[in-house]
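Engineer: Line order of the protein sequences matches chains E and A.
Residues in the first sequence are numbered consecutively from -4, following the numbering used here.
Residues in the second sequence are numbered consecutively from -6, following the numbering used here.
Hints were generated in silico from the structure; no laboratory data involved.
One or more hints might be untrue.
Below, simulated DSS-like cross-link-like pairs (lysine-lysine); rule was C-alpha separation at most 30 Å, straight line [unchecked claim]:
1. E:11 / A:-2
2. E:11 / A:91
3. A:6 / E:133
4. E:124 / A:213
5. E:212 / E:26
6. E:230 / E:178
7. A:-2 / E:74
8. E:96 / A:222
9. E:133 / A:-2
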Amino acid sequence: MNDYENAIEIKGVTKKYDGFTLDNISFDVPKGCIMGFIGQNGAGKTTTIRSLLHITDINSGEIRLLGLDHIKDETAIKKRIAVVFDELPFHDVFNAKDMAKIFEGMYPEWDNSAYMKYIERFQLPMKKKIGQFSKGMKMKLQIACALSHNAELLVMDEATTGLDPVVRDEILHIFMEYLQNDKRSILMSSHITSDLEKIADMVTFIDKGKILLTSYKDEVIEKHGIIKCSKDKLKEIDNEDIVSIRTNNFGAEVMVNDRENAGYKYRDCVIDPASLDDIMLYYVHRDAKEWS
Amino acid sequence: MKLYKSLIYRELKLTRKRCILMLILFLLLSLLMLLPIVIGGLSGASEMDEDLLSIVWLASGVVALTGGFLAGTNNGLQKADINSGWKRYSFILPPTAKQQALSDLLTKLCYILFFGLLSAAFLMVCNIVSGINIAVEGIDPICRMLNIYLGAVCAVMLVDIAYIYIIMFANDKKQLKLISVIAFVGAGAVFKVFGLFPGMNKTEKPVENGTMISEEAVNKFEAFLCSWKTSLCILAVFVVLCVLFFLAMWRSHERRES
Chain E
-4 MNDYENAIEI KGVTKKYDGF TLDNISFDVP KGCIMGFIGQ NGAGKTTTIR SLLHITDINS
56 GEIRLLGLDH IKDETAIKKR IAVVFDELPF HDVFNAKDMA KIFEGMYPEW DNSAYMKYIE
116 RFQLPMKKKI GQFSKGMKMK LQIACALSHN AELLVMDEAT TGLDPVVRDE ILHIFMEYLQ
176 NDKRSILMSS HITSDLEKIA DMVTFIDKGK ILLTSYKDEV IEKHGIIKCS KDKLKEIDNE
236 DIVSIRTNNF GAEVMVNDRE NAGYKYRDCV IDPASLDDIM LYYVHRDAKE WS
Chain A
-6 MKLYKSLIYR ELKLTRKRCI LMLILFLLLS LLMLLPIVIG GLSGASEMDE DLLSIVWLAS
54 GVVALTGGFL AGTNNGLQKA DINSGWKRYS FILPPTAKQQ ALSDLLTKLC YILFFGLLSA
114 AFLMVCNIVS GINIAVEGID PICRMLNIYL GAVCAVMLVD IAYIYIIMFA NDKKQLKLIS
174 VIAFVGAGAV FKVFGLFPGM NKTEKPVENG TMISEEAVNK FEAFLCSWKT SLCILAVFVV
234 LCVLFFLAMW RSHERRES
């Protein structure tokens, strides 16, 4: 087993489609970290994940997973990673027992007792056909399969989308447990920022195929703030401090990218803390600058 | 070995329903073909032996041909994998494209062996039920059956390989539908073009001397069918097609989404 610092290293990756380009993106997911991968629908999250899993070929750039090249060392990597998609990719005619039989031969480190524990914990029926499962049950089964072969890296593409808050919370709890082993890492793409706010150590924002920011979550939240002011006061705020401005009938809400500095500069203004949701919203509108 | 066991288990489990349907069809046809032989065998009239022999030969040929078609035909697995999303998921699983292709081939060979044994069993049942010696001088009935069976398997496998090459370009349900429609229209166009060639459409030509095929031609064809040389040739073609099938599946599993 090789030693590595970053579970995922993406350097200058470009992938071109008709009408969409993943444009020279770079970011790292350190070992033992949960990285939240945030962006609106169509921002490039799924394309990034498909590129790093080598589901699709990239046009340029370099991707390393667990310190290994994602194409040259593909076979070695696949034994040590697990992926959860937004839709269950298993055939409807199978049941949970069949899936264990299938994965048992595929993964050298498949742990049947761990799988059974997850099945029991999620209260999934062993013999019921997957086609008769609810969406929540399907997702739980996919997660049980993903966590039962001692994977070092878990990649999730919108895994919690469409699930009710109770199931989502249960699943997030499982991920926290999974990360108790500090050799394990998670990349979790989602547009439900509240989930990431709960569990992510780091966040990466992507929009229109470009990475806008990648950093530790607390740092990102601490750095950004929202100034609520009148339209006259708005003129006093430096353009370089502003991410974008949301206007309304009463005034404006300005997102600043350096909250501490803004606090000194604009002493007479109230600066509210920003959530990941706010940050995503204001960054998405950064080109328009002013929006309502 | 454990890996192939898993892969083949998945494929057999997924194609089980289709296999049962094919088996029912095969058994119904066998039963239908067996009826006149049973009736002829029970009559016990020795002057009917020659007619009974012809019926046995015809029945075993039809059953072997049907068995071959059923065994060689596409098992719908690729289509099911695209529809369920497993094809995309398989890219992140440890088995390599080569291992997956080999398991596809092994599954196909399982079906070919299964229906081949059933066809052979039918011939044996015919032998017992008819109460006559079905081996004619210089002609081995097993060899004849094997040639018909493998010939049918090869013909269907050739179409299957072309089909695999076409649908490998589909990544999801939507693309699969589009590609299927294009392939269907394309196949129709190819048949239409073939029909335009001189000699390909002789439906309006009257039958010469009132006989469609001369007895000499039938005898020649029978001799060709029952020859061990033919068996070797068909076996060689079968091996080549298995290799082509493996390569097509390999390419299909290796091909990444665009």
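Engineer: Against this structure, judge whether each hint is valid.
Structural biologist: Do the hints match the structure? See the list:
no. : hint          : verdict
1   : E:11 / A:-2   : 39 Å, violated
2   : E:11 / A:91   : 28 Å, holds
3   : A:6 / E:133   : 20 Å, holds
4   : E:124 / A:213 : 55 Å, violated
5   : E:212 / E:26  : 16 Å, holds
6   : E:230 / E:178 : 50 Å, violated
7   : A:-2 / E:74   : 18 Å, holds
8   : E:96 / A:222  : 44 Å, violated
9   : E:133 / A:-2  : 25 Å, holds
Checked against the numbered hints given earlier, the structure breaks hints 1, 4, 6 and 8 and satisfies all the rest.
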